[in-house]
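Novice: Read off the chains here:
Number of protein chains: 2
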Amino acid sequence: MKNAFYAQSGGVTAVINASACGVIETARRYPDRIGNLYAGRNGIIGALTEDLIDTAQEPDEAIAALCSTPSGAFGSCRYKLKSLEENRREYERLIEVFKAHNIGYFFYNGGGDSADTCHKISQLSEKMGFPIQAIHVPKTVDNDLPITDNCPGFGSVAKYIAVSTREASFDVASMCKTSTKAFVLEVMGRHAGWIAAAGGLAADADHDLPILILFPEIVFDQAAFIVQVKAKIAQYGYCSVVVSEGVKGPDGKFLSDQGLRDAFGHAQLGGVAPVVANIIREELGVKYHWAVADYLQRAARHIASKTDVEQAYALGKAAVELALEGRNAIMPAIVRTSDEPYAWEITAADLADVANVEKMMPENFITADGFGITDECRRYLSPLIQGEDYPEYANGLPNYVTLKNAAVPKKLGEFEL
Amino acid sequence: MKNAFYAQSGGVTAVINASACGVIETARRYPDRIGNLYAGRNGIIGALTEDLIDTAQEPDEAIAALCSTPSGAFGSCRYKLKSLEENRREYERLIEVFKAHNIGYFFYNGGGDSADTCHKISQLSEKMGFPIQAIHVPKTVDNDLPITDNCPGFGSVAKYIAVSTREASFDVASMCKTSTKAFVLEVMGRHAGWIAAAGGLAADADHDLPILILFPEIVFDQAAFIVQVKAKIAQYGYCSVVVSEGVKGPDGKFLSDQGLRDAFGHAQLGGVAPVVANIIREELGVKYHWAVADYLQRAARHIASKTDVEQAYALGKAAVELALEGRNAIMPAIVRTSDEPYAWEITAADLADVANVEKMMPENFITADGFGITDECRRYLSPLIQGEDYPEYANGLPNYVTLKNAAVPKKLGEFEL
Chain A
39 MKNAFYAQSG
49 GVTAVINASA
59 CGVIETARRY
69 PDRIGNLYAG
79 RNGIIGALTE
89 DLIDTAQEPD
99 EAIAALCSTP
109 SGAFGSCRYK
119 LKSLEENRRE
129 YERLIEVFKA
139 HNIGYFFYNG
149 GGDSADTCHK
159 ISQLSEKMGF
169 PIQAIHVPKT
179 VDNDLPITDN
189 CPGFGSVAKY
199 IAVSTREASF
209 DVASMCKTST
219 KAFVLEVMGR
229 HAGWIAAAGG
239 LAADADHDLP
249 ILILFPEIVF
259 DQAAFIVQVK
269 AKIAQYGYCS
279 VVVSEGVKGP
289 DGKFLSDQGL
299 RDAFGHAQLG
309 GVAPVVANII
319 REELGVKYHW
329 AVADYLQRAA
339 RHIASKTDVE
349 QAYALGKAAV
359 ELALEGRNAI
369 MPAIVRTSDE
379 PYAWEITAAD
389 LADVANVEKM
399 MPENFITADG
409 FGITDECRRY
419 LSPLIQGEDY
429 PEYANGLPNY
439 VTLKNAAVPK
449 KLGEFEL
Chain B
39 MKNAFYAQSG
49 GVTAVINASA
59 CGVIETARRY
69 PDRIGNLYAG
79 RNGIIGALTE
89 DLIDTAQEPD
99 EAIAALCSTP
109 SGAFGSCRYK
119 LKSLEENRRE
129 YERLIEVFKA
139 HNIGYFFYNG
149 GGDSADTCHK
159 ISQLSEKMGF
169 PIQAIHVPKT
179 VDNDLPITDN
189 CPGFGSVAKY
199 IAVSTREASF
209 DVASMCKTST
219 KAFVLEVMGR
229 HAGWIAAAGG
239 LAADADHDLP
249 ILILFPEIVF
259 DQAAFIVQVK
269 AKIAQYGYCS
279 VVVSEGVKGP
289 DGKFLSDQGL
299 RDAFGHAQLG
309 GVAPVVANII
319 REELGVKYHW
329 AVADYLQRAA
339 RHIASKTDVE
349 QAYALGKAAV
359 ELALEGRNAI
369 MPAIVRTSDE
379 PYAWEITAAD
389 LADVANVEKM
399 MPENFITADG
409 FGITDECRRY
419 LSPLIQGEDY
429 PEYANGLPNY
439 VTLKNAAVPK
449 KLGEFEL
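Chains A and B, in that order, are what the protein sequence lines are.
The numbering used here numbers the first residue of the first sequence as 39 and each following residue consecutively.
The numbering used here numbers the first residue of the second sequence as 39 and each following residue consecutively.
Incorrect hints may appear among the rest.
Treat identical chains as interchangeable: a pair holds within one or across any two.
When the alpha-carbon atoms are kept at most 20 Å apart in a straight line, the in silico SDA-like pairs for lysine to any residue are as follows [stated by the list, open to error]:
1) Lys215 <-> Asp151
2) Lys215 <-> Tyr117
3) Lys448 <-> Gly73
4) Lys449 <-> Arg66
5) Lys344 <-> Glu430
6) Lys286 <-> Asp259
7) Lys291 <-> Ala432
Honestly, the hints are just simulated from the structure, not real lab data.
All chains should be modelled from the sequences, with the hints used to inform the complete structure.
Specialist: As structure tokens, this is what we get:
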């Protein structure tokens, strides 16, 4: 009987631990098929350095609590394995570690890079005579994986941004007579505007709010933007702007990259929100405020989307079930079968089709003026933020779990990263 | 039978509308004692310009929904009346408007400045032969009003900051092996560190998180700060910093005021979070991230403290009841009768004792090193964030109410502000 290995990769989310919960709880239901389930401490680095965590030492209640705990419970890392040609040594080490611990199932929970790694492990282990079933569990707030209708992690960020944009807009609306008239919220999404688009959900038929979105897909046109801001302020008394960190100017440079220097001439790293706010101030002379959500948005388990939590869990569960069916080099993916009422099911996508493909926002999701979302976009996004799945609270705070993360004894020598 | 007037003043909060709800629902229970209840459109400006809102046109359900809607439903403003000597004209106009609309009760929902205005209206109306019972309903996220144990609005911001700090710390903890090692969150509170202190609640006996707080009460000591950050990173692998927007350096200037200029030499307004993050980068060379919560923190009704919502409502209700008892020039205030279990009651404070007094953090609430909160502080803060009071959701978003805000016909001529 083979053991299994699970690792978290790249930026963590509010629901990646729900996928871990799905993997572990499902594996525990098949004690006659899957031996030990090990996790990588700090992701794939844990596998390379043989720093494995014995998940068997965590009680069922702690594993269940993962479902409502943000962050990566076993640690994650940003560590991209180089190509096989450049660094075969690392891949061979991974397989050596897996062999030493009799690991036959590799569950890798991440985005595009980890799908690629997963695919290579599957191929190379076969060639090396120790075949490993490698299953990728999708995760990324960027929502940019192909094939799957959406990516776990995104729905919760989208909900956070939509809720925050609505709340801040209500706030500004009530003060704009004498105070702030422009509010700018900076959100994640360096390449694709999925998260920024979610800000558009804050306004709907019952909530008429003036929201402009700056997408990374659209080159920033300062004159056109100012015309829009001015018009919103004229009509509503104020304007909310949701800006993606990845917005670029006509020169192709990030708008956030303004060569800021302090009074001593030292370079300072700023965000894009203050840049946009300053543009509004200089052009229109109105009072402004700005916010940068940063990690708050992807860690906000307190306002996670129930749909997102359910899908994250279901994909972890499906990964184990697919492995037990003998599948290899695949990723369980979400297929949307209906927009309204929203319905979805899980399919298996070939990793060969997933690795290194980025899914961008379709053009018909952005309005012709470039500053808003279309009805098609709303139809796509809206189901993903449905439902609340509140964590348990103790002393007024979410009672998030921290695991024991006990180490598995090593069997191999050191390995230098 | 006299009419009543209610207005919201200064920065709005997640629960100021809960106080409005308390005032209006209570007034509606006494139709034989209180005639119409008018609200000022955009706060006191509405009274000065005779722009009154007829709250009778809002159905009971809309008024009830105020209890779970952030922002100021009637509009608020930053408009400080000058002293009586400097601008007697404005006070006389207010009383003229009140007289024209037969207003005998003035409920003013705000912070220190509005307590002062309230007090003066009471005194002057008496002298002018049209006595008005002026009752101040406390509200301020800054928590700096005297006499009352705490101020409605603060508990919810405190909860938001504590929750966000815990969530972001979990996120950073799981990534720090290869990525961000220092996270900086900028919070409100220009003069007093109450909000920053709430970040300290994120860590407790069950959640061992390395959190440093930069209070506006403590002069920023860069060397001491860096020693602390370094120690936390050495012990935990990362460090979270909660910094008040009002932190000042040894030169007495705001730390955020770095004389930032862009590549063209234009002055840029930045926050304090990127400044602190840059200091950490320069001194320790570690990867960092920073967030600025700005309005998100005070508008976050989705994660409001139940205690805060209940107190905000209770103070609005008490204001009307005190008025009906014939009280004048007072503010209903919260008296804490027990820390654990937490218990409170409402008393009436004389406005003469409230106006123009700022309550600062007691010295024994800040640890000797200047970077944390003491047990005394924790004992004070903890009850204020207890309980969740989730709003209703529709389509994945909080279904906040927008009132009709129908105007009351004017009876007087124009007034120039």
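Novice: Each hint needs a verdict: does it hold in this structure or not?
Specialist: Status of the hints after comparison with the structure:
1. For the homomeric pair Lys215 and Asp151, the shortest alpha-carbon distance between copies (18 Å) is at most 20 Å, but the shortest distance inside one copy (49 Å) is not.
2. With identical chains, the CA atoms of Lys215 and Tyr117 are at most 20 Å apart between copies only, with a shortest distance of 10 Å across copies and 50 Å within one.
3. With identical chains, the CA atoms of Lys448 and Gly73 are at most 20 Å apart within one copy only, with a shortest distance of 17 Å there and 80 Å across copies.
4. Taking CA atoms no more than 20 Å apart as the test, Lys449 paired with Arg66 passes in neither setting, with 24 Å inside one copy and 76 Å between copies.
5. For the identical chains of this complex, Lys344 and Glu430 are neighbours both inside a copy (14 Å) and across copies (15 Å), given an alpha-carbon limit of 20 Å.
6. For the identical chains of this complex, Lys286 and Asp259 are intra-copy neighbours only, at 9 Å inside a copy versus 37 Å across copies, given an alpha-carbon limit of 20 Å.
7. When the C-alpha separation of Lys291 and Ala432 is checked against a cutoff of 20 Å, the pair qualifies neither within a copy, at 46 Å, nor between copies, at 39 Å.
Of the hints listed earlier, those the structure fails to meet are numbers 4, 7, in rising order.
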